Amino acid sequence: MRLRVNGSEHTLDIDASTPLLWALRDNIGLCGTKFGCGVGLCGACSVMLGGQLVRSCVTPISAAEGRDVVTIEGLSPDSSHPLQKAWVAEEVPQCGYCQSGQLMAASALLAQHPDPTDEQIDAAMTNVCRCGTYQRVRTAIHRAARAGKGGGR
Amino acid sequence: MQPGLGRRDFLKVAAATGGALVLGFYLPERPLRGAPPPAKSGPFAPNAWLRIASDGTVTIVIHKCEMGQGVATSLPQLLAEDLEADWSKVRVEFAPADKAYYTWLNPQFGMQFTGGSMSVRGSWDMLRSAGAAAREMLIAAAAQKWQVKPSECHAENGEVVGPGGKKLGYGALAAAAAQLPVPQKPPLKQKDFRFIGKRMPRLDTPAKVNGSAIFGIDVKVPGMRVARVVRCPVFGGKAVRFDAGPAKAVKGVHDVIAISSGVAVVADGYWPATMGIRALNIQWDEGKGAAISSETISKHFHALSEQPGAVARSDGDAEAALKSAARVIEAVYEVPFLAHATMEPQNCTAHVRKDGVEVWAPTQGQTFIQQAGAAITKLPPEKIKVHTTYLGGGFGRRVETDVVADAIEISAKLGVPIKVIWSREDDIQHDFYRPTSLSRLRAGLDKSGRIVAWSHRIVSPSIMSRVFPMMVQKGIDHSSVEGATEELPYDIPNLQVDYHLADAGIPVGFWRSVGHSQNAYATECFLDEVAAATRQDPLALRRKLLGKAPRHKAVLELAAAKAGWRTPPKGGRKRGLAVAESFGSYVAEVAEVSVDKAGGVKVHRVVCAIDCGKIVNPDTVEAQMQSGIIYGLSAALYGEITIDKGRVRESNFDSYPMVRMVDSPAIEVHIVPSTEGPGGVGEPGTPPIAPAVCNAIRAAVGKPIRRLPIRTVHA
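Those sequence lines, one after another, are chains E and Y. According to our numbering, the first sequence is numbered sequentially starting from 50. According to our numbering, the second sequence is numbered sequentially starting from 22.
Since the hints were derived computationally from the structure, they do not count as laboratory data. Wrong hints could be hidden among the right ones.
DEER-style ranges, computed between Cβ atoms [what the hints assert, rightly or not]:
(1) Y/P571 <-> E/S129: 47 to 57 Å
(2) E/D167 <-> Y/S345: 47 to 57 Å
(3) Y/N178 <-> E/P163: 54 to 64 Å
(4) E/S57 <-> Y/P227: 16 to 26 Å
(5) E/D167 <-> Y/V242: 27 to 37 Å
(6) E/S129 <-> Y/F214: 54 to 64 Å
(7) Y/R299 <-> E/R116: 19 to 29 Å
(8) Y/D213 <-> E/S57: 44 to 54 Å
(9) Y/Q168 <-> E/S57: 38 to 48 Å
(10) Y/V242 <-> E/R116: 27 to 37 Å
Covered stretches of chain Y (chain E as the covering partner; in silico rule of three or more C-beta atoms under 8 Å from a C-beta of chain E) [stated by the list, open to error]:
(11) 227-239
(12) 355-368
(13) 661-675
(14) 680-692
Each computed DSS-like pair below joins lysine-lysine, with the alpha-carbon atoms no more than 25 Å apart [stated by the list, open to error]:
(15) E/K134 <-> Y/K219
(16) Y/K618 <-> Y/K468
(17) Y/K583 <-> Y/K595
(18) Y/K110 <-> E/K134
(19) Y/K595 <-> Y/K618
(20) Y/K269 <-> Y/K110
Just so you know, these numbers come straight off a predicted model, no measurement behind them. The C-beta atom is built at its ideal place from N, Cα and C for all residues, glycine as well.
Taking the hints into account, I'd like the entire structure generated from these sequences.
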C-alpha cells in the first residue's frame, strides 16, 4: 500500500481496512491528526483527501491510495496559512486537541467559500470542541477571510 | 539539598551548570478542606524552577499541568513581571513529580495535582517573589562587574541597565548571579506592570495551530506497543474466561492478557489492537452491579429525600419557620450522572523496569500516579517518574489513575513500554461520573411574600468517600453540598441544608465545578420559582436578598445591565439570570433563549460578569468563562449518562451529544475591576449557566425545568 501525504510517498505493510487516521499516527508518525471518537462524529481527525475534507478515522487507507492526503502538518510549512495566523491572533486554542481538525475543516470551508457567512460557518464547522472555543473559531475564520481578500495567500 | 533549612528559605540556587542561573522555589498547595495542616518545617524541597540560560532564555518549570486553562502562560506572567523579563525569551516546562516535595508535607496531602481552580490563586506570591529574587541577583551581578552600587542599576526587559545607560543581558549575567546569595524577601513591583493584568499571548498557541503540541496520546517510546483494554460493561464485573486465540491471530497483535481491570490486547498500533478486541469473546461475571438502573437510583433518592439528613448548615430554625409560614413552596430538582468526555480519550504510556517506572501521561495528578504505580509495582513512590504532556482537556477526569494502572500493569507483565489508549466508548462508559443528585427545596414565605425559611435537602453519592475518605466528616461530603451551604449568599433568617450520602453503586468523580454544578442549578432555579410565585422580578428579588453579599450583587447588576435586563428582548426571546460563587470567584450570567413550537430550545446570547479579584490575564479569564459556559450548556441541554442493568447506555457523541458551533451562543464577558485576592477561573463559569438558561425557559413557557438535561420543553 502506498500513500502520498503532504507530498511525501510512504509504503505501508498494514491491513487495507486500517483507517487513514491510524496509518498517519502509528505508521507514518504524523501525530497532529487526532483521535476523538473513531466513528466520524467529532472531526478531530479531519484531513484533506484528494481536495475533499474527510474524517480519517472512518476512511480506510484503501480509499486513500493514489490520492493526495494533506494533514495539519501540511497546511503550511511554517504556520503561515491565513487560518493559522488568525488562530494565533484570536488566541483560539485552549487544550488545543481538536484544533488540527478545526483548522482543516476551516481550510476546506474557505476553499469553497472564501468569505463565508455565519450560516455557512455553522453548516461547515461541525467539529466538537469540549473547551468551547466556537466563538473564537468563528471570529478567526472571518479574520482569515479578510486577510485572504487583502491579497492574502 | 541541605537538611534543616527553614521553610521560610523558599528560594535556593538549585544548580549552576553551563553558565545558567537556576533557582528552585516552593509553590504551596492549599490544603483541601478538612485536611490536616501542613508540617511547619522540613527540608527545602522546590517544586518549581526558574532557569536563566547563558543565551538569555528564561525557562519556568511549573508544577501544574496545561489542559487548556492557560496556566502555562499565566504562571510565567507572574514570575516574568518581577523578573523584568523579555517575554519573547520566556519558555515553560512541566515539572516531574518530585520525591522531596512528595515527602515534605504530610504525604497524604502534599500532592502535586491541578484542580480546584487553584493554580493562580496558590502560586501568586511565590512566583512573584522568585522572579524578584532572580532580578535582584542579576542586578547585583551586573553591579559587581561594573564596580558600581546595585542601587545605581535597574532591570528592564531582560537586561540590567547601569550608569550611563550601559547594559548587560540576563544570559551574560546568569553564571555570575548564580554565585550570589539569594535574597529571601526581595521587593515586589508596586506599579508599571508589564505582564500582570495584560493580554499576553499564550505560550502554547504556536504549537497548537500546526499539530506539533505533544499530548499523551502522541507519546512515542522506542520499543513501545499499543494496548487496548476491554472492561466488563457492568461496573464491578470481572472476566471469567476468554479465548485469546482468534485475537492473537490478527496481524499486528502480540499478546492478549488478563489484567485486574479486564482483558488487554497488545499490538503494533491502535488499529490492530481494535481488530484483536473485535475477535475476542469474553465471558463476564457481572456481579451485583447488574441490578442497578437510573430508575432504581432515582426512586431510592426520592425516598431518602423524605427523611432528614446530616445537617450541613443551619441558621435559625428552618423547620419551625416553615411550620409557621403563611405559605410554603416546595420543589424537587434532579440532575443525572455526567461523563467528562475530554476531547483526548484516556491514555497513558508506561515503561516498568526492575528498578523503576517511567510514566508519560496527560495527567492532573502526578502524585496520584506515583501512588498508583507504587501500589502495583511495590516500588517506593519516588521510583515512579512522571512526565507530564499537554492534556487534551481535563475537567477533573485526569486526576484519576485507571488508565495509568492499565499501562503499568501491562508493561510490568510484558517488560516493554506500553501505551494504553481507550476508545471513546471506553471513555464514556467507564468514567468517574459527575454524581447524580436530588435536591428537595422548601421556602417558607410570610404574609408579605418575604422568604423567612429555606430548607434544602440534598441526596447524592459522595466523591470524597472514595478519593479522600477522611474528608467526609459527620456524614457530610462537602463536595456534594458546596454552593448550597456557606456560598449561598441570600439573607434568609432561617436556613437549613441537610444531606444524605447515598451510594448509587456507580463510580463518581470530580467534574468541572464539582458540587456547584448541580447545586447552583437547584438553588437558582428554585429562587426563580419563588420570584414567580410572589410576582417579583428575579433580579429585584435577588437584589433584596443580597444585602450582605456585595460582590454577588455587583456581578449580578453588571450582567443584568449589560444584557439590557430592563428592556424585553426581541424576536420571541426571554431572559433568565443566575449568580453563584465558586472557587473564590463570583459569576453572574444572563441567558437569552427562545423555545420553538416543537419545544426546541435555542440559547442565543449569554452575558457573563465575573469578579475574580486580581487578574493575571484578562484574555484567559474571558476564554475560561466562554469555556465554562459551553461546557455547562452541553450538560444542561443534552448531558445525561443513564444506567441500565448496571451498564452505561450512552457510548459516543451521538448518544452523548455536545454543543457545537451551530448551537453555540454569542458570549459576552465583563470583568469587574478588583484589588481583592485572586479567585479561580477554570470552573466558576460553569455553575450559573444551567439555571440562567432554565430560568429563561421558565420565563418563556411558564413552567420550571426541574430535571436536567432540558432536551425539549413542553409548555
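Status of the hints after comparison with the structure:
For Y/P571 and E/S129, the Cβ-Cβ distance of about 50 Å falls inside the hinted range of 47 to 57 Å, so the restraint holds. Checked against the given bound of 47 to 57 Å, the beta carbons of E/D167 and Y/S345, roughly 56 Å apart, stay inside it. The beta-carbon spacing between Y/N178 and E/P163, approximately 40 Å, falls outside the hinted interval of 54 to 64 Å. The beta-carbon spacing between E/S57 and Y/P227, approximately 23 Å, falls within the hinted interval of 16 to 26 Å.
A beta carbon spacing of about 45 Å between E/D167 and Y/V242 contradicts the range 27 to 37 Å that was offered as a hint. For E/S129 and Y/F214, the hinted distance range of 54 to 64 Å is not satisfied, since their beta carbons lie about 33 Å from each other. Checking the proposed 19 to 29 Å range against Y/R299 and E/R116 shows it holds: the Cβ atoms sit about 27 Å from each other. Separation of Y/D213 from E/S57 is about 51 Å and conforms to the stated range, judged on CB atoms against 44 to 54 Å.
Between Y/Q168 and E/S57 the beta carbons are some 59 Å apart, a value that contradicts the proposed interval 38 to 48 Å. Our hint of 27 to 37 Å for Y/V242 and E/R116 holds, since their Cβ atoms are close to 32 Å apart. As drawn, the stretch 227-239 of chain Y meets chain E at 12 residues by the rule of a beta-carbon pair under 8 Å; at three or more, the given contact holds. With 5 residues bearing a CB less than 8 Å from a CB of chain E, the stretch 355-368 of chain Y meets the requirement of three and the coverage assertion stands.
Evaluation of the coverage hint for the stretch 661-675 of chain Y: fulfilled, as 3 residues show C-beta separations to chain E shorter than 8 Å, against a requirement of three. Only residues whose C-beta sits within less than 8 Å of a C-beta in chain E count toward coverage, and the stretch 680-692 of chain Y has 7 of them, enough to reach three; the restraint holds. The suggested pairing of E/K134 with Y/K219 holds, with an alpha-carbon distance near 21 Å, which does not exceed 25 Å. Between Y/K618 and Y/K468 the alpha-carbon distance is near 38 Å, which puts this suggested pair outside the 25 Å criterion.
Among the hinted pairs, Y/K583 with Y/K595 is consistent with the structure: their alpha-carbon atoms are about 15 Å apart, no more than 25 Å. Taking the CA atoms of Y/K110 and E/K134, the gap is about 20 Å. The hint holds against a cut of 25 Å. Among the hinted pairs, Y/K595 with Y/K618 is consistent with the structure: their alpha-carbon atoms are about 15 Å apart, no more than 25 Å. About 51 Å separates the Cα atoms of Y/K269 and Y/K110, which puts this hinted pair outside 25 Å; it is violated.
Consistency note: the structure conflicts with the earlier hints numbered 3, 5, 6, 9, 16, 20.
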